[in-house]
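As given, the protein sequences belong to chains W and S, one line each in that order. Its first residue numbered 21, the first sequence is counted upward by one per residue in this note's numbering. Its first residue numbered 2, the second sequence is counted upward by one per residue in this note's numbering.
Please keep in mind that the hints were generated in silico from the structure rather than gathered at the bench. Just so you know, not all the hints are guaranteed correct.
When the alpha-carbon atoms are kept at most 25 angstroms apart in a straight line, the in silico BS3-like pairs for lysine-lysine are as follows [what the hints assert, rightly or not]:
#: 1; chain 1: S; residue 1: K41; chain 2: W; residue 2: K93
#: 2; chain 1: S; residue 1: K208; chain 2: W; residue 2: K122
#: 3; chain 1: W; residue 1: K269; chain 2: W; residue 2: K304
#: 4; chain 1: W; residue 1: K267; chain 2: W; residue 2: K292
#: 5; chain 1: W; residue 1: K220; chain 2: W; residue 2: K269
#: 6; chain 1: S; residue 1: K248; chain 2: W; residue 2: K93
#: 7; chain 1: W; residue 1: K264; chain 2: W; residue 2: K304
#: 8; chain 1: W; residue 1: K267; chain 2: W; residue 2: K304
#: 9; chain 1: W; residue 1: K220; chain 2: W; residue 2: K264
Calculated from the model, a selection of chain S residues having no Cβ within reach of chain W, i.e. all distances over 10 angstroms [to be verified]:
#: 10; residue: E37
#: 11; residue: E51
#: 12; residue: V268
#: 13; residue: L313
#: 14; residue: I356
#: 15; residue: H460
Ranges between beta-carbon positions, derived for each pair [claimed, not checked]:
#: 16; chain 1: W; residue 1: R201; chain 2: S; residue 2: F452; range: 45 to 51 angstroms
#: 17; chain 1: W; residue 1: R261; chain 2: S; residue 2: V343; range: 44 to 50 angstroms
#: 18; chain 1: W; residue 1: R261; chain 2: S; residue 2: T300; range: 50 to 56 angstroms
#: 19; chain 1: S; residue 1: F153; chain 2: W; residue 2: P253; range: 27 to 33 angstroms
#: 20; chain 1: S; residue 1: V376; chain 2: W; residue 2: P253; range: 53 to 59 angstroms
#: 21; chain 1: W; residue 1: R284; chain 2: S; residue 2: L378; range: 56 to 62 angstroms
Please read all numbers here as calculations on a predicted model, not as lab measurements. Glycine included, each C-beta is placed from N, C-alpha and C at the ideal position.
Chain residues, written in single-letter form:
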Amino acid sequence: MRRIIVIVIAVVVGAALLVPGARAAEKIRVVTTIPDLKSLAEAVGGEFVDVDSLTRGTQNFHEAEVRPSMMLKLRRADILIENGLDLDAWVDVAVGGANNAKIIRGAPGRIDVSRGIPLLEVPTGRVDRSMGDVHPLGNPHFSLDPGLAPLITQTILDGLARLAPEHRAAFEANRQAFLTRLDGEMARWTQTLSPFKGTKIVVFHPDFIYFLTRFGLVQAATLEDKPGIPPSPQHVVRLIRQMKDDKIKVILVEPWNDVKLARRVAEDAGAKALVVASAVGAVKGADNYIAAIDFNVRTLAEALR
Amino acid sequence: MRPSSRVGLVAGLALALSCAAPAAAQDAEVLRRELEQMRKQMQETQAQYERSMEALSKRLRKLEAQPPPVATPPAPPPPTVVQAPTPAEPPPSTPSLMDLLRRREPFALYGTRGPGQFLFDMGVAGDFVADFTQRSVERTASGTFPGRENRFFPREIELNLFGQVDPYARAEVRIEAGEETSKNELTVRLAEANLTLLTLPWGTQAKLGQMRARFGLLNPVHDHDLPQTDRPDVLRAFFGEDGLVEKGGELTWVPPLPFYLEGLVGVFDGDNDVAFGYGRIRNPLVTARLRTFFELGDTGGLQLGTSLASGLTTDANRNTIVGVDAKYKYRPDGWLHPLLTVAGEALWSRRTVSITSDDVATVQSRNRFGWYTYVELQPFRRWAGGVRYDWTEYQLDPGHQWAVEPYLAFMPSDFLRFRIAYKHTDRSRPVVTDAGPSPLRFDEVFLQGTFILGAHPAHPF
Chain W
21 MRRIIVIVIA VVVGAALLVP GARAAEKIRV VTTIPDLKSL AEAVGGEFVD VDSLTRGTQN
81 FHEAEVRPSM MLKLRRADIL IENGLDLDAW VDVAVGGANN AKIIRGAPGR IDVSRGIPLL
141 EVPTGRVDRS MGDVHPLGNP HFSLDPGLAP LITQTILDGL ARLAPEHRAA FEANRQAFLT
201 RLDGEMARWT QTLSPFKGTK IVVFHPDFIY FLTRFGLVQA ATLEDKPGIP PSPQHVVRLI
261 RQMKDDKIKV ILVEPWNDVK LARRVAEDAG AKALVVASAV GAVKGADNYI AAIDFNVRTL
321 AEALR
Chain S
2 MRPSSRVGLV AGLALALSCA APAAAQDAEV LRRELEQMRK QMQETQAQYE RSMEALSKRL
62 RKLEAQPPPV ATPPAPPPPT VVQAPTPAEP PPSTPSLMDL LRRREPFALY GTRGPGQFLF
122 DMGVAGDFVA DFTQRSVERT ASGTFPGREN RFFPREIELN LFGQVDPYAR AEVRIEAGEE
182 TSKNELTVRL AEANLTLLTL PWGTQAKLGQ MRARFGLLNP VHDHDLPQTD RPDVLRAFFG
242 EDGLVEKGGE LTWVPPLPFY LEGLVGVFDG DNDVAFGYGR IRNPLVTARL RTFFELGDTG
302 GLQLGTSLAS GLTTDANRNT IVGVDAKYKY RPDGWLHPLL TVAGEALWSR RTVSITSDDV
362 ATVQSRNRFG WYTYVELQPF RRWAGGVRYD WTEYQLDPGH QWAVEPYLAF MPSDFLRFRI
422 AYKHTDRSRP VVTDAGPSPL RFDEVFLQGT FILGAHPAHP F
């Protein structure tokens with residue numbers, strides 16, 4: 021028995037000692053909490069980074085399950101990029117189980133991209149859970165606004181350069197190339213959606229406020245009674261009446277949400293329920309940041325025409 | 002004027018001049034030195050200014066060399082735009098000498114917080130249970146919640162304070178109140194108070210203080226977070242109703258392997274008087290745990306673990322408990338909750354006991370075994386139901402018991418849960434209490450309401 025224990029310990033220790041040696045010459049290992057940040061980190065880091073996301077686009081990021089597989093990714097990470105504003109507060113539990121001092125809160129390897137973001141829907145006055153699963157610091161879904169990508173990528177760049185200052189010039193060049201491409205797409209997206217400025221839209225969950233605001237669209241109501249609280253029948257009835265009165269044509273719904281309910285409400289209100297990319301990878305064809313925004317712009321424009 | 006007077010005047014003037022000349026020369030020297038000093042200062046200032054200007058010019062040239070940021074259309078005025086509170090820059094990876102010499106003043110942080118902000122998180126969990134059962138069970142206080150049969154009682158009201166102590170450690174304090182055994186007696190106690198050191202080398206972490214020992218699946222879980230209303234029978238038989246709560250330390254290691262593996266070693270006083278009770282760190286309770294996890298595609302996950310606890314009992318005899326556990330969850334892609342959860346634990350104990358018979362003391366070894374398993378289905382976000390099966394031997398007495406417990410839970414939100422459960426228990430021999438022997442078979446119905454106020458850390462897998 022003792023011999024078996026000794027062999028097991030020797031194998032584990034040996035493997036643990038070999039793995040870092042083999043990885044020494046590898047890229048900077050970046051882990052992001054959500055896939056939007058993975059796509060943006062890849063755009064900035066380019067060939068110098070190896071990026072992985074803890075969640076997939078088809079998931080609701082508020083309620084991600086903390087799995088030991090997350091801890092495994094975080095154990096090997098040099099940098100952790102988080103969205104912040106309590107969208108991915110669960111990551112602290114995953115970091116706690118990863119035993120990696122490089123990415124604990126306050127460490128140089130921890131990047132919070134919400135820093136410096138002009139926030140929307142910041143509650144004023146008293147905040148409590150009678151308002152639903154409210155975010156006291158503001159709506160955290162800012163990554164869907166392509167106009168904020170320059171700010172987010174700058175924060176990512178600063179964090180990467182803090183760890184690898186020798187690659188700063190390359191990161192800056194990568195970022196600039198990405199922003200130049202985004203600039204071109206942005207002009208096209210703005211033109212596509214400009215005829216619909218001021219149009220009222222209903223959303224299931226307030227994921228799209230930054231995106232809608234950027235292109236001059238108006239979030240008229242949410243299908244959820246309150247954030248994170250499923251709609252009551254009374255709320256649904258009121259919403260259908262409002263949609264009919266205001267001639268609202270579209271409900272935006274996340275793929276992870278109750279799409280059937282959104283379609284039923286849309287049908288009753290004479291509107292369409294559009295399953296859009298609530299994140300990179302949420303729908304087919306939204307494989308990277310620009311593709312995800314492009315999908316949303318095209319889908320919305322087609323429905324509003 | 003007389004010649005003698007003129008001579009005197011000239012002599013006086015000459016004397017005066019001869020005295021004044023060295024004084025003037027001295028003043029000139031002082032002035033010259035001062036001028037020299039001023040010129041030097043001027044030169045230093047100029048050099049410093051030129052250096053600053055050069056640095057600024059360099060910075061400006063660098064900024065000008067950067068391409069302009071992407072032009073984005075101005076956003077329409079949002080309903081409320083508030084700048085996010087910007088946290089301080091992370092500390093540099095290698096602190097300077099001055100950083101190390103700087104006096105640490107934790108309470109100086111008070112000055113940096115905003116109005117109404119705490120520097121830690123705070124939450125309250127309330128857990129109320131009603132236990133309905135036969136009168137014979139109530140009379141002998143032999144139900145799942147001894148002494149609280151046919152009562153509606155606060156099982157656990159927990160105040161939870163947790164957060165970062167500084168960049169290197171986090172701490173957690175839990176204070177619990179609850180009705181434990183007899184009627185109307187509310188016990189307030191320190192459930193946990195511990196510190197976790199986060200920046201230890203080689204992938205290690207240390208937790209020090211009073212804690213729920215990480216033994217098996219459900220021992221570290223607090224009562225209000227349990228998947229069923231009550232703790233499984235085997236855990237209550239082996240560790241008592243409160244579980245293995247100990248004072249000491251745990252060291253965990255997550256080796257950088259291609260798969261997840263967590264190793265843990267703990268050293269505790271051994272105060273748990275059901276399993277151990279010796280209560281001295283000189284002969285400590287030693288715990289160990291290995292845990293691994295496998296992703297089964299995008300939708301499934303399997304966690305496997307094995308645990309060990311070995312310490313001395315109150316009569317200085319050794320008790321060693323070994324456990325194995327497994328948990329599987331199936332969560333269809335895009336679902337907000339798992340559809341299926343299957344989990345279970347099995348525990349073996351080998352306990353040495355001293356028996357005195359006819360003034361002859363003998364030492365015997367007692368091997369005990371117990372296990373539980375449960376299946377839970379959650380087809381809807383707000384509804385979950387399942388069933389648990391328990392089988393366990395008693396720690397000291399001979400005999401065993403089994404129980405089956407179906408349950409149904411309704412969760413109006415993530416912070417509120419109601420649960421109803423039915424439990425049938427079957428014992429091979431009665432438990433003898435002060436009020437007599439307990440019934441062999443009995444039934445219980447549990448009603449449970451649980452709420453969470455404020456912050457509550459996310460639950461791991």
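Checked hints:
1. K41/S to K93/W: Distance of about 61 angstroms is beyond 25 angstroms: violated.
2. K208/S to K122/W: Between K208/S and K122/W the Cα gap is close to 18 angstroms, so the pair holds against 25 angstroms.
3. K269/W to K304/W: 23 angstroms, holds
4. K267/W to K292/W: Roughly 12 angstroms separates the two Cα atoms, so the pair holds.
5. K220/W to K269/W: 8 angstroms, holds
6. K248/S to K93/W: Outside the cut-off at roughly 31 angstroms; violated.
7. K264/W to K304/W: Roughly 31 angstroms separates the two Cα atoms, so the pair is violated.
8. K267/W to K304/W: The given pair, whose Cα atoms are some 29 angstroms apart, is violated under the 25 angstroms limit.
9. K220/W to K264/W: Holds, at about 12 angstroms.
10. E37: Since the minimum Cβ distance to chain W is about 44 angstroms, E37/S lies beyond 10 angstroms and the statement holds.
11. E51: It holds; E51/S is separated from chain W by about 27 angstroms at its closest Cβ, greater than 10 angstroms.
12. V268: 18 angstroms, holds
13. L313: 22 angstroms, holds
14. I356: 28 angstroms, holds
15. H460: 7 angstroms, violated
16. R201/W to F452/S: 45 to 51 angstroms: 50 angstroms, holds
17. R261/W to V343/S: 44 to 50 angstroms: For R261/W and V343/S the Cβ distance comes to about 45 angstroms; the hint holds.
18. R261/W to T300/S: 50 to 56 angstroms: Cβ of R261/W to Cβ of T300/S: about 39 angstroms, so the range 50 to 56 angstroms is violated.
19. F153/S to P253/W: 27 to 33 angstroms: 32 angstroms, holds
20. V376/S to P253/W: 53 to 59 angstroms: 32 angstroms, violated
21. R284/W to L378/S: 56 to 62 angstroms: Violated: the Cβ-Cβ distance is about 25 angstroms, outside 56 to 62 angstroms.
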